[in-house]
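Hints in hand, dock the two standalone chains.
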Amino acid sequence: MNSVLDVVLSSAFLAAVLRVATPYLLAAMGGLVAERAGISNIALEGQMLSAACTGALVAGYSGSVAAGALAGVTVAVLLGLLLAALRLELGADAIIAGIGLNLLASGATAYAVFTLLGDKGGTSGLKSGTLPTVTLPGIEDIPVVGDVLSGQNILTWLAFLAAPFVAWLFYRTRFGFHLRAVGEMPDAAASVGIAVRRVQYAGLALSGALAGLAGVFLSMGYVSFFVRDMTAGRGFIALAAVFLGGLRPWGVFLAALGFGAAEALAVQLGTLDVPPQLVSTIPYAMTLVALALYAWRRKRRGAGEVAPASL
Amino acid sequence: MTSTLIESEDRREYRTTRRRGLVVDLSMTLATILAALVIGFLVMLATGKDPVAAYEALLTGPLERSFRVGRWLEDATTLTLLGLSVAIPFRARQISLGAESQLYAGALAAATVAIFLPLPPVAAVIVPLVAAAAAGAGMGFVPGSMKARLGANEIVATLMLNAIVVRVYDYLVNGPLKESGSSAVHSERIQPDSALTPLSEWLGIPLGRANVGFLVMLLTAVALWLLITRTPLGYRIRMTGSNPHFAEYGGIRVPRAIEWSFVIGGAVAGLAGAHLVQGVYGRLEPGLAGSLAFEGIVVALLARNNPLVVVVAGLFYSYLRAGGDIMEQQTDVGTEIVVVIQAVIVLLVTAQALPDLLKRRLARRQADTSREQAGAAHGKAGTR
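Respectively, the protein sequence lines represent chains L and X.
Just so you know, my numbering puts 290 at position 290 of the first sequence, and the rest follows in order with no gaps.
Just so you know, my numbering puts 554 at position 243 of the second sequence, and the rest follows in order with no gaps.
Next comes chain X alone, as it looks inside the complex (with noise of 0.2 angstroms):
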C-alpha cells in the first residue's frame, strides 16, 4: 500500500520535473530567438541602419509573395535535411561534421543516375534518392567505423573527408560530367523524369521551385523521430549518447550503435543532396550548397536534436535566410546581419549553464515553497 503511494508520489515528481524541463527548453529557445533578434536590431542602430524597416522586410517579406513562400520552402527542405542528418550522430553524442562531403556524395550519385540511366517514370525519382542515400551513407561510415572501430577523432575524420569530396566534386563538374558543348560550368540536365514535381503543380499556385522533396522531409523527420523513440536501435544510439559506459554495461554494442548514428546521418545528407539536384537546380552546378552543411548543425542544436523540433527549426531558420535576401533587396542592410544573428543563437544555445542555472533556480524555489507547506502544516499540527 505505501509503496504505491510512494511509486505514485514518484511518478508525480518525475512528471513535474519533465514538464518543468520542457517549460525551461522551450521559453530558453524562444528567448534565444528574441535575444538574437535584440542584437542583430542593436548592431543595425549602431552601423547608422533603419532597423524597423530592415526587420520589417525580414519579418513579413518571406510571406508577401507565393513564390517567396516557395523559396522559403525549398530552403527549408533541404536544410532540415541536414539538421536532421546532424542530430542523428548528436544524439549519440558524436560531433559530425560531415554533412558536406555526404550531401556532394549524395548529388553526385543522384545526378549520375538521374542524368545516365534510363528508367520507368516513378523509379526515374525513387532510384536516385536511394543511390543519394547510399552515397552518403557510404560517407558517413568512413568516419564513423573510424570512430566507432579505431577511435580516431570524428571532427578530423569528417573535415577531411569534407575537404576531399568537395574537390572531387570540383573536378567531376569542370571534367568528366561538364555538359560538353557549353561555355557554363555545370552537369548536362537530370531526365525530366526524374525530377521532384514541384509543389505549384499540384497546388495551383506559383510556389518557385518548392518540390515534393518538401513532403519527403516532412517523411524523414517522422521516420527518425520514430527511430529515435520507438526503436531498439534508436534507444541504444541514445543510451549510448547519453552514458556510453553505462550502456556498453548494459549489454549495448556502443560502436556498432556509433557506426549505425553516422551512417543515418549519412544518407539523410545524401537525400538533401539529391533535393538540390531533382528538386531544385536539376543538375550538378558548382559549390552546390554553399556553407548550408554548417548550417545544418544551427539547427539541429536549436531543436535540441529531437527530429520533429529540427523541422520547426529548419522552418525558422530558413524563413530568416529567405528574409534576409529580402531585406538586402528592399533597403541598405546586408544579409549577412543574418549570418550574425545565427551566430548569436548558436552562441547563446550552446552556453549550457543558462538553462541549467535557470532550473536550478526554479528547482530550488519548488522545494523552497513545499518546505514552507510542510512547515506551516507541522507548525499547525503543532499548535493544537
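In isolation and in its complexed conformation, chain L is listed as follows (with noise of 0.2 angstroms):
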C-alpha cells in the first residue's frame, strides 16, 4: 500500500492526471454545452476522432502544426452543425444520428489513412509534431509545483480554462441564458422570441469546437501521429462525466478530472502488482452508482426540481 501512495504523490502522477484529464476534460465541456442546448451529442467520439486524424494529415502535409489544431477542430464543428441539421431540420433521434456519425468517423478516416498513405495502422509514417507547450518561468523551479505544472501541452491548459469559460458562458451572458432556456423549454424559449434553431446549431457548433480540441490533443499532444480508432471510446466516457456531473459546468468538471486521475491511476498501478484493468473499472462503476443514486434522490423528492428531461 506504501508504493501505492508513492506513486499518487509523485510529482510525475499528478502531471499524468492533468494530462489524462485533457480530453475528457474537453470533450465533456462540449458534451455539457450541447446537453444544455438540448440535442445530446453522442457523436462527440466521432469529432474527436475526426479532429485528431484530420489535424495530424493537415499538420504533417501542410508543415504547420497551427493549420492542422485549425483543420481538425473545423471538421468536428462542421459534424456539429450536421448533428444539429440532421435533428432540426430532417427529424433525426439525436441518439441515432449521433452514432450514424461516430461510424461515419471511424470509416472516413481510416480510409482516408489508408488512401493517402497506405497504411492501416495510421499517420506514423508522416511527420508532423505536436503542439507546444507551455513552460512557466519561475513557477518551473519550484520543486513539486513546478515539475506538475510547466511543461504542459498548451491544449491542457486550455482544457482546465475551459470549465470557468462554460460557467461564464452559462451564467453571465444573453447567449448562455437563450441556451439554457432553449434546451429546458424550447416552446416558452420562442415564445420570447428566442431565436431556438439559430441557438442550437451555435450550441452543437460550439460542442464540436470543444471536442474537436480534445482530438487535436490526442493526435498532436499526447503524441505526433493519429492512430486508427484512438479515442477508444473517450467520447462516450466524457459524455458520462456530463451526467455524473449533474450538467453542470464545475461539476462536469470534476467527473471529467476522476475519470482522468483514475485512468491516469490504472496505468500506473500496471507497474504494481494489481491488475490494471480491474481499477480501471472504478470510474465507471462509480458513475453508474452515481447515476441510480441520483436518480433515486431525484424520484423521492418527486418531481418538484427543474431538471433537462435527459437527466
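Treat the hints as calculated values from the structure; they're not laboratory data.
Hints should not be assumed to be uniformly reliable.
Unchecked claim - One-sided and incomplete, this derived list gives chain X residues near chain L with beta-carbon spacing under 7 angstroms:
id : residue
1  : Thr-358
2  : Asp-481
3  : Ile-648
Said to hold, decoys possible - Which stretches of chain L does chain X cover? Using the computed rule of at least three CB atoms under 8 angstroms from a CB of chain X, they are:
id : region
4  : 81 to 93
5  : 114 to 120
6  : 233 to 239
7  : 286 to 299
Model, not experiment: these values are computed from the prediction.
Don't be surprised by glycine CBs; every beta carbon is placed ideally from N, CA and C.
Set out below in C-alpha cells:
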C-alpha cells in the first residue's frame, strides 16, 4: 500500500493526471454545452476522431501545426452542425444520428489514412509534430508544483480554462441564458422571441469545437500521429462525465478530472501487482452507482425540481 | 345499415393507408441502400479508385466460393442476434446501447460452462447457451430496472456497463481464464461436445465456421416476432413504445414492460456471445466482438425494429461486410468504405422527415384525386 501512496503522491503522477484528463475535460464540456442546448451529442467520439485525424494529416502535409489544429477543430464543428441539421431539419433522433456520425468518422478516417498513406494503422509515417508546451518561468523551478504545472501542453491549459469559460458562458452571458432556456423549454423560449434553432446550431458548433480540441490533443499533444480509432471510447466516457457532473460546469469538470485521475492511476498501477483492467473499471462503476443514487434521490423528492429531461 | 357501410369504408381506408405505409417503408429502405451505395461510389471515384471493380468484388465476391458463403452466414448470425437484441428495447422506445456488455457477459458464461463443466452430449451444447442467455439477461436487467424503477438515463447506464464488462472480460482473458502454458492470450478451448455443429457437416459443402447457430438465430427471430405481435407482453411493450402515457392510462405497468424489454434483449445479445464462443472461435479471444455491438443497432434501425425484417437486414448488412473484405483483397479499396456506406445508411434512415414527407405527399395526391372524382360526380349530377 505504501508503494501505491508513493505513486499517487509523486509529481510525475500528478502531471500525468493533468495530461490524461485533458481530452476528457474538453470533450465533456462539449457534451455539456450540447446537452444543455437540448440535443444530446453522442457524436463526441466521432468528432474527436475526425479532429485527431484531420489535425495530424493537415499538419503533416502543410508542415504547420497550427493549420492542422485549426483544420481538426473545423471538421469537428462541421460534424456538430451536421448533427444539429439532422435533428432540427430532418427530425432525426439525436442519439441514433450520433451513432451514425461516429460510424462515419470511424470509417472515413480509416479510409482517408489508408488512401493517402497506404497504411491501415495510422499516420505514424507522416511527420506532423505536436502543439507547443508551456513552460512557466519562475514556477518551473519550484520543486513539486513546477514539475506538475510546467511543461504541460497548451491544450491542457485550455482544457482547465474550459470549465470556467462554460460556467461564465452559461450564467453570465445572454447567449448562455438563451441556450439553457432553449434546452429546458424550447416552446417557452420561442414564445419570448429566442431564435431556438439558431441557438441550437451555435451550441452544437461550440460543442463540436470543444470536442475537436480534445481530438487534436490526442494526435498532436499526447503523440504526434493519428492511430486508427485512437479515441477508444473517450467520447462516451466524456458523455458519462456530463451526466455524473449533474449537467453543471463545475460538476462536469470534477467528474472528468476524476475519470482522468482514475485512468492515470490504472496506468501507474500496471507496474505494481494490481490488475490494471480492474482498477480502470472503478470510475465507471462509480458513475453507475452515482447515476442510480441521483435518480433515486430525484424520484423520492418528486418531480418538483426542474431538471433537463435527459437526466 | 349505414353504420356497417361506414365501418367497411373505414376499414378499407385503414387498409389502404397501411398498405401505402408498407410500400413507402419498403421503397424508402431500398432507396436508402441505393443512395448509400451511390455515395460510396462517388467517394471511391473522388479518391481515384476504380469503383466498378470495387463494387463488383463487393457485390459478387461473397457468393463466389462456398466458404465465403459460410463466412457470410457466420457473420450474419452474430449480427442479426445483436440486431434483434436492440430491436426489442427499441420497440419500448428505450435506447439500449448495452449489447456489448450483454454479449461479453454471455460469452464469458458460455465459455466458463463449456470449458469447465462436464456435461452429457446434448446438454453440453444447450446448457452453455442457456447460461449465456441468462448472463445477458442479467446485464440487461441492471440498466433496465435502473431506468424503469428510478428513471435513470439508460444510455449512460448501458455505456458504463459496457466499459465495466469489457474491462473485466479483458482481465479474465489475460488472467484467471488464460490458457496456462500458452504465450498467446486466449482461454482454453471449449469441450468438443459443446461446439455448435458446423453447417458443412450437415450439408456436405465446405462452409467454414458457419454453424447451427444460424438456425438458432432464425428461430429466435421468429420467436421474438411472435412475442412482439401475438402476446400480451409484446402488446405491452409496443404500447409502452408508442405512447407511454396512454399505456399507463390503459392499465399497463409501463416500468415492468420496459424492464422486460431490456431483459429479453439482453438474453438475445448473450446468445450472440455464445455463438462466437461455441460456434466461431471455440474459446474466448481478446476483443471478441470488435465493433459489432454498435452495428447491431444499424441492423435494427434498417429493419425498423421488426424481428423478421431484422433477419433480412442482418443478412444484407453482413453481406456488405463479407464483400468489403473481399474487395480489399482484390482491389486497392479499403474495407472501410463499407463502414462509410453503413454510416450513410444510418444517417438516411434516421432522417424521419423524408418518409413522412413522401407519405404526406402521397396522401395529399390521393385526397386530391378523390376530391376530383367526387367533384366530377357532383358536377355530373348538377348538370343533370
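Taking the hints in turn, this is what the structure says about them:
1. The closest approach between the C-beta of Thr-358 of chain X and any C-beta of chain L is roughly 5 angstroms, which is under the 7 angstroms cut-off, so the hint is satisfied.
2. At a threshold of 7 angstroms, the smallest CB-CB gap from Asp-481 of chain X to chain L is about 5 angstroms, leaving the interface hint in force.
3. For the restraint placing Ile-648 of chain X at the interface with chain L, the shortest Cβ-Cβ distance is roughly 6 angstroms, inside the 7 angstroms limit, so the hint holds.
4. Residue count for the region 81 to 93 of chain L with a Cβ under 8 angstroms from a Cβ of chain X: 6. That meets the three needed, and the coverage hint holds.
5. With 3 residues having a Cβ less than 8 angstroms from any Cβ of chain X, the region 114 to 120 of chain L passes the three-residue criterion, so the hint holds.
6. With a threshold of 8 angstroms between beta carbons, the proposed coverage of the region 233 to 239 of chain L by chain X holds, since 4 of its residues qualify and at least three are required.
7. Here's how the region 286 to 299 of chain L fares: 9 of its residues keep a CB closer than 8 angstroms to some CB of chain X, so the rule of at least three is met and the hint holds.
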